[in-house]
Amino acid sequence: MKKCPNSKTMFTLKVATAFLFIATFTSCSKYKRAKIILTTELQLNETISVNISTDYNEENKPWIDINNNGKKDDDETIISNAKNDYQIQSNKITIYGDIEKLFCYDNRLTSIKITHAPKLKLLHCYNNSLTELKINHCPMLEDLNCSKNNLSKLDLTDQTMLKRLDCTENNLAEINLNSNTLLEDLKCGKNRLMDIDITNNKRLENLFCHENDLFTLDTTENIKLKTISCFSNIISELNLNENTNLKELYCYENKISKLDLRQNRALEKLYCGKNRLKSLDLSENYTLNELNCLSNKLESLNISSIEMLEFLNCARNNLKTLDISNNIFLEKIYCGKNGLESLVTGKNRDLKELYCSENNLTELTVNKSSLLQTLYCYRNSLTALDTTQNKRLTDLRFHNNKINIINLKKNTALKKLSVSNNNIEELNITNNRRLEILWCYSNSLKNLNTTKNIELKELYCRSNNFTVLNLVDNPNLDILICTKNQFLKKIHITEEQFQTKTENWEKPDGAEFIVKKVANSN
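In the numbering used here, each residue's number is its place in the sequence shown (first place is 1) plus 27.
In short, the hints are calculated from the structure, not lab data.
Don't take each hint at face value.
Stated by the list, open to error - The calculated PhoX-like cross-link candidates involving lysine-lysine, where the alpha carbons are at most 25 Å apart (straight line), are:
#: 1; residue 1: K161; residue 2: K140
#: 2; residue 1: K214; residue 2: K251
#: 3; residue 1: K534; residue 2: K473
#: 4; residue 1: K379; residue 2: K436
#: 5; residue 1: K484; residue 2: K436
#: 6; residue 1: K296; residue 2: K253
#: 7; residue 1: K511; residue 2: K484
#: 8; residue 1: K175; residue 2: K214
#: 9; residue 1: K274; residue 2: K217
#: 10; residue 1: K534; residue 2: K516
#: 11; residue 1: K282; residue 2: K253
#: 12; residue 1: K324; residue 2: K364
#: 13; residue 1: K190; residue 2: K180
#: 14; residue 1: K62; residue 2: K190
#: 15; residue 1: K301; residue 2: K253
#: 16; residue 1: K395; residue 2: K347
#: 17; residue 1: K436; residue 2: K364
#: 18; residue 1: K395; residue 2: K301
#: 19; residue 1: K324; residue 2: K282
#: 20; residue 1: K324; residue 2: K296
#: 21; residue 1: K251; residue 2: K359
#: 22; residue 1: K324; residue 2: K285
#: 23; residue 1: K285; residue 2: K180
#: 24; residue 1: K301; residue 2: K282
#: 25; residue 1: K251; residue 2: K305
Given the sequences, and given the hints that come with them, work out the whole structure.
Here it is, written out as structure tokens:
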């Protein structure tokens, strides 16, 4: 008679069986073949390049199957942390083995399928032709750059460790980031997104969602945000009260009519141009160093408290006055097309570029800006302009004003000069020996001495009162427009100029070229 096993023996057998199952499963899982399948549009024998970083063991040493035969051949070895070039033998290439980082950009890839990559932390596959990206089986992924592809779907639900995502320039109409709670940097610009939910991404520091079709953007849960780039959308309202760490805001080209920045005291760069703003309160934004608010409906702009401001573009608004006297660190100012009647300057010692054209200015003072290199003040109502202290000027344009006299003796660095459409009767440019382009048309000039301007390449002097032009000392002159000078009869030039330059010159019909003969050395 057989003896039946007692309950204790049965329990022992069950436990042993369970341990055996777990051990077998663990062993199979541990040595499951890591595999990434790449599909490319490249033709056979064309070169594919990959860079792979890995910390492998010999049992799972990475290799690349370039002929897709499932066997490792002699030329399919991977050198870690280096660019590997292969001549492909199949449009499908498979990478086997444990990989931590994979760079496979610029390979005309159409598909990437990751069936098992437990150690993969970084995948950069940008600038391909991807329409498919399956990354479900890489749970450790922290950094994904799949920008500049043709993706219409992107499933990130299993990427709970993801910290950096760049999916810029694809065809994404939606993206679900609810599982990516560790996300710190998000770049999803240049897609077709109409909505984006980042309420679960509380660690987010940098957000780039520009050039989409977003109507709204909720950042109230993202208190760590330092950068928001949401320009070129359809956003009508932004609530930034909770984003007290914000340093950079790019929200231009939207439909924003109000912008409250009083809580954003850390803000350093603000680009809010091409919106519908009628007012802009910057009284709490002391740390701003770049401000671009062009093409709005601003009637006033107070920047007196922003002493650290270095760049200002407030062009194309409705400003009547602008006071920059307190902004001593300003280097560039664009304030054209406003209707400005007053531009209050002061000790703007760092100012290098000033663009204040197409306003209603009757006076302009720049004598404290000794570093000034570019000054555009054309199309105003200026009757005088003092540039004697601006010895570094290289580009000066004050055409279409009411200026009679200009002293350019100290502006020896000038390369471009436009004085057209004024009331100038005399123009002395003998000290401006670096001058390359001169516009002086529509004045009352009777003489123009260019003997010292050997670098002159272009001269536009039509509609004046010249009787003679002497261009013998201007060997580099390629363009001459001196039409509508009814009294001009003679233009003195060299024989070389006559042979190589005059074909493209324009002169009055009654004027003739007087060619200076070169003395024979014999």
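Structure-based check of all given hints:
Distance hint between K161 and K140 is fulfilled; the C-alpha atoms sit about 5 Å from each other, no more than 25 Å. Between K214 and K251 the CA atoms are separated by roughly 16 Å; this keeps the pair inside 25 Å, and the hint holds. A threshold of 25 Å between alpha carbons decides the hint, and for K534 with K473 the separation of about 16 Å falls inside it, so the pair holds. A distance of roughly 20 Å separates the Cα atoms of K379 and K436; the hinted pair therefore holds under the 25 Å criterion.
Under the criterion of a C-alpha separation no larger than 25 Å, the hint pairing K484 with K436 is consistent with the structure, at around 20 Å. Taking the CA atoms of K296 and K253, the gap is about 11 Å. The hint holds against a cut of 25 Å. Restraint check for K511 and K484: the C-alpha separation of about 21 Å stays at or below 25 Å, so the hint holds. The straight-line distance between the Cα atoms of K175 and K214 is roughly 12 Å, inside the 25 Å bound, and the hint therefore holds.
The suggested pairing of K274 with K217 holds, with an alpha-carbon distance near 22 Å, which does not exceed 25 Å. Distance hint between K534 and K516 is fulfilled; the C-alpha atoms sit about 10 Å from each other, no more than 25 Å. For the proposed pair K282 and K253, the alpha carbon gap of about 22 Å is at most 25 Å, so the pair holds. With a C-alpha separation of about 12 Å, the suggested pairing of K324 with K364 holds against the 25 Å cut-off.
Under the criterion of a C-alpha separation no larger than 25 Å, the hint pairing K190 with K180 is consistent with the structure, at around 19 Å. Proposed proximity of K62 and K190 is supported: the alpha carbons are some 23 Å apart, at most 25 Å. A C-alpha spacing of about 22 Å is found between K301 and K253, which places the hinted pair at or below 25 Å, so the restraint holds. Pair hint K395 plus K347 holds up; C-alpha atoms about 23 Å apart against a cutoff of 25 Å.
For the hint pairing K436 with K364, the CA-to-CA distance comes to about 30 Å; that exceeds 25 Å, so the pair is violated. Taking the CA atoms of K395 and K301, the gap is near 32 Å; set against the 25 Å cutoff, the hint is violated. For the suggested pair K324 and K282, the alpha carbons sit about 12 Å apart, so the restraint of at most 25 Å is met. The hinted pair formed by K324 and K296 meets the criterion: a straight-line CA distance of about 20 Å does not exceed 25 Å.
For the suggested pair K251 and K359, the alpha carbons sit about 31 Å apart, so the restraint of at most 25 Å is broken. For the proposed pair K324 and K285, the alpha carbon gap of about 11 Å is at most 25 Å, so the pair holds. For the proposed pair K285 and K180, the alpha carbon gap of about 34 Å is over 25 Å, so the pair is violated. In summary, the hint linking K301 to K282 is supported, as the alpha carbons are separated by about 8 Å, within the 25 Å threshold.
A C-alpha spacing of about 29 Å is found between K251 and K305, which places the hinted pair above 25 Å, so the restraint is violated.
When each numbered hint is compared with the structure, violations occur for hints 17, 18, 21, 23, 25.
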